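Given chain A's structure and the hints, the job is docking chain B with the ligands onto it.
There are 2 protein chains.
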Amino acid sequence: MRALAYFKKGDVHFTDSLPEPKLTSPKGLLISPSFTGMCGSDLHEITDGPIFMPKDGETNILSNESLPLAMGHEMSGYVKAVGPEVTKFKVGDRVVVEATISCVDKHRWPNAKNANTPMCDACKDGCENCCDYAGFSGLGVVSGGFSETMETIEHHVVKLPDFVPMDIAALIEPLSVAWHGARVAKFTEGKTALVLGSGPIGLAMTLVLKARGAKKIVVSEPASIRRELADKFHVETFDPSKHGERAIAELRSIPEGGNGFDFAFDCSGVAPTFNTGIAAIHYRGVYCNVAIWGKGINFNPMDMTLQEKNLTGSIGYTVEDFKQVVDAFEKKKIDPKECEHLITGRIKIEDGWEKGFLELINHKDTNIKILLTPNNHNELD
Amino acid sequence: MRALAYFKKGDVHFTDSLPEPKLTSPKGLLISPSFTGMCGSDLHEITDGPIFMPKDGETNILSNESLPLAMGHEMSGYVKAVGPEVTKFKVGDRVVVEATISCVDKHRWPNAKNANTPMCDACKDGCENCCDYAGFSGLGVVSGGFSETMETIEHHVVKLPDFVPMDIAALIEPLSVAWHGARVAKFTEGKTALVLGSGPIGLAMTLVLKARGAKKIVVSEPASIRRELADKFHVETFDPSKHGERAIAELRSIPEGGNGFDFAFDCSGVAPTFNTGIAAIHYRGVYCNVAIWGKGINFNPMDMTLQEKNLTGSIGYTVEDFKQVVDAFEKKKIDPKECEHLITGRIKIEDGWEKGFLELINHKDTNIKILLTPNNHNELD
Ligand SMILES: [Zn+2]
Ligand SMILES: [Zn+2]
Ligand SMILES: [Zn+2]
Ligand SMILES: [Zn+2]
Numbered sequence: 478m479r480a481l482a483y484f485k486k487g488d489v490h491f492t493d494s495l496p497e498p499k500l501t502s503p504k505g506l507l508i509s510p511s512f513t514g515m516c517g518s519d520l521h522e523i524t525d526g527p528i529f530m531p532k533d534g535e536t537n538i539l540s541n542e543s544l545p546l547a548m549g550h551e552m553s554g555y556v557k558a559v560g561p562e563v564t565k566f567k568v569g570d571r572v573v574v575e576a577t578i579s580c581v582d583k584h585r586w587p588n589a590k591n592a593n594t595p596m597c598d599a600c601k602d603g604c605e606n607c608c609d610y611a612g613f614s615g616l617g618v619v620s621g622g623f624s625e626t627m628e629t630i631e632h633h634v635v636k637l638p639d640f641v642p643m644d645i646a647a648l649i650e651p652l653s654v655a656w657h658g659a660r661v662a663k664f665t666e667g668k669t670a671l672v673l674g675s676g677p678i679g680l681a682m683t684l685v686l687k688a689r690g691a692k693k694i695v696v697s698e699p700a701s702i703r704r705e706l707a708d709k710f711h712v713e714t715f716d717p718s719k720h721g722e723r724a725i726a727e728l729r730s731i732p733e734g735g736n737g738f739d740f741a742f743d744c745s746g747v748a749p750t751f752n753t754g755i756a757a758i759h760y761r762g763v764y765c766n767v768a769i770w771g772k773g774i775n776f777n778p779m780d781m782t783l784q785e786k787n788l789t790g791s792i793g794y795t796v797e798d799f800k801q802v803v804d805a806f807e808k809k810k811i812d813p814k815e816c817e818h819l820i821t822g823r824i825k826i827e828d829g830w831e832k833g834f835l836e837l838i839n840h841k842d843t844n845i846k847i848l849l850t851p852n853n854h855n856e857l858d
Numbered sequence: 478m479r480a481l482a483y484f485k486k487g488d489v490h491f492t493d494s495l496p497e498p499k500l501t502s503p504k505g506l507l508i509s510p511s512f513t514g515m516c517g518s519d520l521h522e523i524t525d526g527p528i529f530m531p532k533d534g535e536t537n538i539l540s541n542e543s544l545p546l547a548m549g550h551e552m553s554g555y556v557k558a559v560g561p562e563v564t565k566f567k568v569g570d571r572v573v574v575e576a577t578i579s580c581v582d583k584h585r586w587p588n589a590k591n592a593n594t595p596m597c598d599a600c601k602d603g604c605e606n607c608c609d610y611a612g613f614s615g616l617g618v619v620s621g622g623f624s625e626t627m628e629t630i631e632h633h634v635v636k637l638p639d640f641v642p643m644d645i646a647a648l649i650e651p652l653s654v655a656w657h658g659a660r661v662a663k664f665t666e667g668k669t670a671l672v673l674g675s676g677p678i679g680l681a682m683t684l685v686l687k688a689r690g691a692k693k694i695v696v697s698e699p700a701s702i703r704r705e706l707a708d709k710f711h712v713e714t715f716d717p718s719k720h721g722e723r724a725i726a727e728l729r730s731i732p733e734g735g736n737g738f739d740f741a742f743d744c745s746g747v748a749p750t751f752n753t754g755i756a757a758i759h760y761r762g763v764y765c766n767v768a769i770w771g772k773g774i775n776f777n778p779m780d781m782t783l784q785e786k787n788l789t790g791s792i793g794y795t796v797e798d799f800k801q802v803v804d805a806f807e808k809k810k811i812d813p814k815e816c817e818h819l820i821t822g823r824i825k826i827e828d829g830w831e832k833g834f835l836e837l838i839n840h841k842d843t844n845i846k847i848l849l850t851p852n853n854h855n856e857l858d
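Protein sequences appear in the order of chains A and B.
FYI, in the numbering used here the residues of the first sequence are 478 to 858.
FYI, in the numbering used here the residues of the second sequence are 478 to 858.
Looking at chain A on its own, in the form it has when it is part of the complex (with noise of 0.2 Å):
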């Protein structure tokens, strides 16, 4: 079948050549996808990887997959088969796909090494994203939605509302990202927010504090041409190169009251936004990383304890944040119409190495999502 595919480091590339799936579960599901996005997280894997992908020789933990394996984790598509024991879907479903692949995944692969350990901690209480072995499908398990045809299981699959599209069903993974890591801070209503970065999980979060009920939103992002995509979304933007030293002392003057957010969301990683992030909160706010940082950062934990001020970090999600998300959509606490501000372009797979990876790397600022269709039914029409 079609596919971008993850062959080795240093080489992705389109092949029409890919062996399809075949359903080995009861509870599997096969998945046409219509809407792939491409992510931050298939870049790092690019340029700086293997991360999540088996290297070369070599297999991943829980399904025993050797490369090539398709990428490609932000998914809508169609069912278009099920196993025995599905009783939720049916063929022709317009669903969107759950890439986390944990503990809850092992029997998939009862072949591997791992198939038989207890379920970690993690996974027992239902966060599979903190899983010992988590990994994604099309990030390192097994092959993803860059695809014709991709497998999954029940657990991983949530129906979509008729309203929703298939391309804004595919933002339905980085508004989930954004969701879990509100969940992680514990964001409630009625609460104030600092976003820290633009770029694609910055604007997921925007919309996800909104359809939560944020008080008061601010992005903050020295980027123009990103803080105007934030613009789009009606909250207030700051651009903290214009401020100086002065940056942080303003920021915390927005909210009522004047002494900073109930909450910063750091959706940059960078020194400047962590600096900024703890200090622009109120005491006792919420500083939480939704980013991935390289390297670390000088830091002084006075600047958490004089103000019993806390610091948490989320990463990826689970099924239970699609299902949330799609609640959101439901009950019109987000827009379809808004989050087409997301998508920066719409390509065939075959054109996704060129038109999509490069693109992403050369021009990060002007892009935030890419979405391939895996299997050109008329999606471009």
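Take the hints with a grain of salt, since some may be wrong.
Identical copies carry no separate label here, and so any pair may be met within one copy or between two of them.
[What the hints assert, rightly or not] Mimicking DSS-like on lysine-lysine, the simulated pairs with C-alpha atoms at most 27 Å apart in a straight line are:
1. K692 <-> K601
2. K663 <-> K601
3. K841 <-> K504
4. K825 <-> K486
5. K841 <-> K814
6. K601 <-> K693
7. K557 <-> K841
8. K499 <-> K663
9. K590 <-> K485
10. K692 <-> K832
11. K601 <-> K486
12. K825 <-> K687
13. K772 <-> K808
14. K636 <-> K825
Simulated from the structure, these hints should not be mistaken for lab results.
Note that the coordinates shown come from a computational prediction; the quantities given were computed from them, not determined experimentally.
Frame of chain A; chain B with the ligands shown alone:
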């Protein structure tokens, strides 16, 4: 009156002629301290200060007071006089005095420059230890418990149960520091905790976690003298220096399940305890800093993010902590006998510099709490 006072940078000494305080507030009380503990913060003020104390020639923002000021903020004593609006105490009552000075106290000094500013947000919420102007009786704002008589207001005074001796009552302050830390960390009964460091706060934390129903407490301390003090509390102790690079793995294996602690309380505040604390907690665990840090450290937010860990910090206490600690004594959850292990010296106030502060400076590892007797009323028989 007799007092051990801070005269100026580098000059702390006993005096017999500090002016006696008078009742200035209708809600005021005069207290005769029986025992007042010496503390790391006092030492810090002496060796690196002035930190809380006014600089020479300056006055405190809340009280308008200038040097000299009696030190001492960990005091038990008797009520000596009460203002006309005091309703809960009478002369002769055995009490403990909570030392935090905040917006709650502003009315005591109507002529000070800050007297008429609005209450800060933290104080409005009852978190006076996070007050924008926070200081202490005995550390910066007004004379404290290293004196024959000190003034406070009803808000800061808690009655002592008869069975708690006055020397043990002077430990209610460090116990409240630890108690507040457990509250900030949201420690709950049945959880496991790692205590990093068994100095005064680490030992107080150990007693507090026992009182709060910890399922398992491990105290990690490389200095054998200090570790042996923790042994007296019948908790598990751990010598990280014996395990080298295996120390974190060993610690993580101790709690049931073998995946780390629910909570870590850093009572040392150095890079190794920070790194151990973060690494030794479970996914979604809580690291709470209760130490005073000088410089910062290298920190990668991914260390919190991959397992959704939480980092917070606690400093000081409010009178609510004092009440809860006294209540824990009442309910026999803290045993006065066990607390005695914290007291390593009882001396006359006249000897406070030589046998107190100099002893603490020169023999840090063998001393926990040295108590002064500001009134020398047979406390030392
Ligand atoms: Zn992604
Ligand atoms: Zn797991
Ligand atoms: Zn103290
Ligand atoms: Zn205040």
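For each hint, the structure was consulted:
For a Cα distance limit of 27 Å, the shortest separation of K692 from K601 across copies, 21 Å, qualifies, whereas the shortest one inside one copy, 35 Å, does not. In this assembly of identical chains, the alpha carbons of K663 and K601 lie at most 27 Å apart whether taken from the same copy (21 Å) or from different copies (22 Å). In the homo-oligomer, the alpha carbons of K841 and K504 never lie at most 27 Å apart, since the shortest distance is 39 Å inside one protomer and 64 Å across protomers. For a Cα distance limit of 27 Å, the shortest separation of K825 from K486 inside one copy, 23 Å, qualifies, whereas the shortest one across copies, 73 Å, does not.
Within a single copy, K841 and K814 get their C-alpha atoms as close as 23 Å, which meets the 27 Å cut-off; across copies the closest is 66 Å, which misses it. Taking the shortest Cα distances, K601 and K693 sit within 27 Å of each other only across copies (22 Å), while inside one copy they are farther apart (36 Å). Proximity of K557 to K841 under the C-alpha cut-off of 27 Å is found in neither arrangement, the shortest distances being 35 Å within a copy and 72 Å between copies. Taking the shortest alpha-carbon separations for K499 and K663, neither the intra-copy value of 40 Å nor the inter-copy value of 48 Å comes in at or below 27 Å.
In the homo-oligomer, the alpha carbons of K590 and K485 lie at most 27 Å apart inside one protomer (22 Å), although the nearest pairing across protomers, at 69 Å, exceeds that limit. When the C-alpha separation of K692 and K832 is checked against a cutoff of 27 Å, the pair qualifies neither within a copy, at 39 Å, nor between copies, at 57 Å. Neither within a single protomer nor between protomers do K601 and K486 lie at most 27 Å apart by alpha-carbon distance, with minima of 34 Å and 57 Å respectively. Taking CA atoms no more than 27 Å apart as the test, K825 paired with K687 passes in neither setting, with 32 Å inside one copy and 63 Å between copies.
In the homo-oligomer, the alpha carbons of K772 and K808 never lie at most 27 Å apart, since the shortest distance is 40 Å inside one protomer and 49 Å across protomers. For the identical chains of this complex, K636 and K825 are intra-copy neighbours only, at 24 Å inside a copy versus 76 Å across copies, given an alpha-carbon limit of 27 Å.
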